[in-house]
Amino acid sequence: MLPISWVVAFGMAYVIVLATASLTGTSVRDFMRTRTLWPLVVIIPALCFGQTLGLVCTNLIAFSVPRLRRVFDHECRETGRKGFAVATAGLIKITGVCGVVTLMAVVMYVSLYR
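Residue 97 in the numbering used here sits at position 97 of the sequence shown, with consecutive numbering throughout.
Heads up, some of the hints might be wrong.
Stated by the list, open to error - Restraint-style ranges between C-beta atoms, simulated for each label pair:
| id | residue 1 | residue 2 | range |
| --- | --- | --- | --- |
| 1 | MET32 | ASP73 | 39 to 49 Å |
| 2 | CYS76 | THR36 | 13 to 23 Å |
| 3 | VAL97 | MET1 | 21 to 31 Å |
| 4 | ALA87 | PRO66 | 11 to 21 Å |
By construction, these hints were calculated from the structure, which means they are not laboratory data.
Here the structure is a predicted model, which means the values were calculated and not measured.
Backbone N, C-alpha and C define an ideal beta-carbon position, used for all residues, glycine too.
All chains should be modelled from the sequences, with the hints used to inform the complete structure.
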């Protein structure tokens, strides 16, 4: 199920790059064609945000399948970890932080581009 999170990560990164390029009035191709490394200021946080969002989606898909839910619950009982809901809530908090960092990176890039 891990490939699902990577598909979400790259899809979200592309959407964020597309939005940033449209905010600056350029295309994605022109956004990437630069002699500086400034596009990485947007791409790296966008990938981190997309990956954590993808992990949340993967957890929700796994939780909706009863057989996988039983496996996760059994693993939590054996290892003494907190439950599935607590782990997903922590992941959602990390996703929120990554989202804020990504938003700050986009605002910084757009303000410096103009």
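Please flag the earlier hints that this structure goes against, numbers listed from lowest up.
-> Hint 2 alone not satisfied by this model.
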